[in-house]
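Engineer: Here the numbering used here is used: position 663 in the sequence shown is 663, and no number is missing along the way.
Any given hint could be a false lead.
[Claimed, not checked] Below, computed lysine-lysine pairings styled on BS3-like, alpha-carbon distance capped at 25 Å: (1) K60 / K114; (2) K317 / K279; (3) K64 / K465; (4) K64 / K334; (5) K169 / K373; (6) K651 / K465; (7) K400 / K169; (8) K319 / K359; (9) K120 / K334; (10) K114 / K739; (11) K313 / K96; (12) K470 / K134; (13) K676 / K651; (14) K120 / K465; (15) K400 / K120; (16) K470 / K114; (17) K279 / K334; (18) K233 / K373; (19) K233 / K317; (20) K279 / K332; (21) K233 / K319; (22) K169 / K134; (23) K373 / K334; (24) K676 / K617; (25) K96 / K64; (26) K334 / K317; (27) K114 / K134; (28) K676 / K739; (29) K622 / K114; (30) K649 / K739; (31) K385 / K373; (32) K313 / K60.
Bear in mind the hints are in silico, worked out from the structure with no lab data behind them.
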Amino acid sequence: MKSIRSHIVRLLLVSLLVGLLPSTDANAQSVKKREKERPTVGVVLCGGGAKGFALIRILKAIDKAGVPVDYIAGTSIGSIIGSLYAVGYDPDVIEKMVREQDWNAVIYDQIPMKYVPIEKRMDNSRYLATFPIKDGKIKMKSSMVDGVYVNMLMSRLMLPAHNIHDYSKLPVPFYCIATDVEHACQYEMTKGELSRSVRASMSIPFLFKPVRLDNRLLIDGGMVNNFPVRNMKERGVDIIIGIDLEDASIPASQIDNSLELLASLMNLSSLEESLYARKHCNIYIRPDLHGRNMLSFNDFDSIIQFGQDAADKFYPKFKHLADSLQMIEYYKVKRPHVQPVDSINVVGVEVIGVPDNHKQTVTSEFGNNFPQKMALDDIEEIILKISATGYYENFWYVVKDAPGGYIFQLHCEELTDMSAAVAVHYDNNYGIGALVNFTMKNVWKSLNRATLSINLNIAENPYLKVKYSKHHRKYFRYGVDIDIYSLTLNQFTEGTLTNSYSIQDNKLDIHAMLVPSLKSAFSLGAAADFVHMRDMIGEGGLDSNYNLFSYLYLSYLFENLDAPSFARRGWRIDMSAKMVFFQATTDDAAMSDISNQGIQSSFIAHVDLLKTIPIGKKSALKFELEGGTKVGIAETPIFYQFFVGGQSKMKYFDNILSFTGLDFTEKVVDHFAFNKLAWQWNFYKSLYSTLHVDYGFMNDTYDTWFDSDNFVIGYGASLGINTMIGPIEVSLMAANVNKGLRGFINVGFWF
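Please take these sequences and the hints and turn them into a complete structure.
Structural biologist: Structure below.
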C-alpha cells in the first residue's frame, strides 16, 4: 500500500510540472499496472494526409528534449510517421525520406510510359472513365487508384522490421487504427505484417483501394477514430502527448470540392473520439497549418516548417517533462538509429496469390541467378513492369530470413477482369466521337493470359474494332483483329472541295508479334480488306462495288516517349512494309488506268522517325522524318495511296498522314518525304503552346518526286491545355500551296 501511495505521489508531481492534472483514479490504475518507477509516456499522432509532415519536427523536438517515448500510435498519416519512428528511424531520416519521395507517383499511381508494354501504349491514356463489370452489371470502381506505388513504399520502409510481427516488440511499441467497413467500427492493429497494417490505416476512401486483412475489409481509420488517444489511455499509459492535425469546422461556403467534403465528413464521423482525445491529452499540440489540406503533398517544405513552429513553442514543455521524469528515476533514451534499406541479398523469389501455372511467368521477371544482391529500385521496377501488363494487381512484398540472405516474397493477384470504358473526342477532320470499350482478361479458360477488346466509336465516322491478343511465353504474342470502318474523306484543292470519298472497309488481320523489350516490337501478319470506296464528287468517280484486297506486312515499332501528348524526351521509330495483292481488269475504275488483267501487286514502304529533346524544364523540341513510297509497275489502288493533310492523329488507317497547313487529305500520292519540326512550351501550369513547321516533297510520279514544283511547306501555331479528357488545342496554319489560314480544333485524346 505504501508503494502504491509513493507511485501516486510521483505521478502527481509530474502532472503538476507538466501543467495538467489527469484524474487521480486513472493514474492509480496505471500505477498498479506499471513495474517501473518512472511514469510511462505515449505519443498519439492524428491523421490528416499531407498535413502529417508537420509531425516530424515535433517528434524531433521530443527526442531532443530527452522525453522517453514508451508507446506511439496513430491513424492514417499518423500511422505512417508513427510506425517509422517505432521501427527506429530518427526524425531527421524520416524527413529526408519525405523530401526525396516522388509524392505525385504515390498519390496518382501513374506507371511511367517506359514500363508500359508497347502493345498497350496506344490505349494507356485514352479513356475518360473505366468501370468494372461484375455479375453482368457495370459497377463503380472502389478507388481512383490501385495503389501499387504506395504499397511498394510501405513494403520498403518497413523492411528493417520484417521479422517483427508483434508490434509491442518494436523498438517503440506501436499500434494503429483502421476502419472495418463491414462492421462500421474501428479495428486496432497490433500484430501482423506491419506494412499491411499501416497501408490499411491510411486507405483514404475513394482514393486508395481498401485492404483485405484478417478477414476484414479495411479503409482509413480516420473514418471512425482519427486521433486514438482513448486506445492509449486504455493501455494505462500515464502521460499522453497528442498531436492533432484535424481542421476546425469548415464553413459550408468553403466546401466547394470533393476533397474538402471528404475532409469534413472524416472530421464529423470521428468527432466523438476527437473530442475525447483533446480532453485527455496531457500535452495537446495543434500546429497551425495555414490552410494546407490532406493532399498538399508537394508543400512538404512549408508543412514541415509549420511543424517546426509548433515544436519551438512546445519544446520548453517537453524539456520540463523530461527533467521531471529524470528527477523521479534516471533513464537514458536509446534509439537504434535505423537507416533505409537500399538493397538485399536475394536467395530466392516466391509469388503468393497467383495460380501455380502462372507463378513461373512472374518469377522469371526476376531472373534465375540466385543468390544475388538486388537493389530495391530494380526490384520495384520489375514490379511496375509486371503491373503494367494489366494481368496482375494488388502488389506488395515482404522478405523472409533465409541462410545467406532473404527470400523475396511478392504478393499479388491475377486480374480476372471484365470492364467497360468510355472516351470522347472532337476534331475538325473526323468530327465528334464517343468511344465505348469492353475488355475481358483471363475471364475464361480460353482467355487465359489473353485479352479480348471491343471498341465501338459512335461518331460521324463510326467504326467497330474487335481485337484478340494472346501471350505466349515472355516475348511472343499472337492475335486476330477484325475492323469495320465507315469513313468520309473530303479532298480539297486550294480550299475548294474536289473529291469526297465514301469508304466502307471490313478487314481481317491475323498476326504474330515478337516483343524483345517493353519499348520495341516486330509484327508479321496477313490481312484481307473487303473495301467499298466511292467518289461522290470527282469526275468519273470510283466503282461503288466492293473489292477484295489482301496484303502481307512486316512492321517494327520502337517507342520510349515519356508522355502520350506532351512528350519531352524519347524516340519513336515506326517502319512498315506491305505487299498488296489485288485483281486488276480493264474496266475496273477503282484501278484507274491499269491495263493489265489478273493479280497485280504493289510494294509499299513507310518510315516515321521522331525524336523529342527537352529544353530546360518547360519545353521540348520535336524532330520528325517521315517518308513513304510505292515500288512496282502496277498502279496502287487509291485506297492504299498516302492521304496527306490535316492535323488529326486519329488512326483510322495508317496511310492517312497529318501535315501542317494542308486541309484534311488534300494530297493523295504514292511518294513523299517530310521533315517536321515542332517546339512545345509549357508556359503556365497545364497550358502550353506549340510552333509547327512541316516541309517536304510529295508526288504520284517517282521520277519527278523531288522536283521543286512538288515542294510543300506548312507552318502554324497551337495553344493547348492538358485536361482529364486529354489535350484541348486550337491551331492556325498556312501553306505555300493554298491561300489563307486553316484552323484546327482538337478536344481529347485520339482514338
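Engineer: Need the status of pair K64, K465: alpha-carbon distance at most 25 Å?
Structural biologist: violated (65 Å)
Engineer: Starting from K233, check that the Cα of K317 is at most 25 Å away, please.
Structural biologist: Holds. K233 to K317 sits at ~21 Å (cutoff 25 Å).
Engineer: Given the hint that K319 pairs with K359, does the C-alpha gap stay at or below 25 Å?
Structural biologist: Roughly 55 Å separates the two Cα atoms, so the pair is violated.
Engineer: Verify the proposed pairing of K651 with K465, using a straight-line Cα cut of 25 Å.
Structural biologist: holds (12 Å)
Engineer: Verify the proposed pairing of K169 with K373, using a straight-line Cα cut of 25 Å.
Structural biologist: The hint is violated at about 29 Å.
Engineer: Check the hint pairing K385 with K373 against an upper bound of 25 Å on the C-alpha distance.
Structural biologist: holds (20 Å)
Engineer: With a cut-off of 25 Å on the C-alpha distance, tell me whether K233 and K373 pass.
Structural biologist: violated (45 Å)
Engineer: Tell me if the straight-line CA distance from K676 to K651 falls inside 25 Å.
Structural biologist: Given that 25 Å is the threshold and the Cα spacing comes to 19 Å, the pair holds.
Engineer: Do the alpha carbons of K622 and K114 lie within 25 Å of each other, as the hint requires?
Structural biologist: Roughly 18 Å separates the two Cα atoms, so the pair holds.
Engineer: Are K169 and K134 close enough, with their CA atoms no more than 25 Å apart?
Structural biologist: violated (43 Å)
Engineer: Take a quick look at whether K676 and K617 sit within 25 Å of each other, Cα to Cα.
Structural biologist: Roughly 22 Å separates the two Cα atoms, so the pair holds.
Engineer: Would the pair K334 and K317 pass a check requiring their Cα atoms to be no farther apart than 25 Å?
Structural biologist: Given pair K334, K317 holds - Cα atoms ~21 Å apart, limit 25 Å.
Hints 1, 3, 5, 8, 9, 10, 15, 17, 18, 20, 22, 23, 27 from the earlier list are contradicted by this structure; the remaining hints agree with it.
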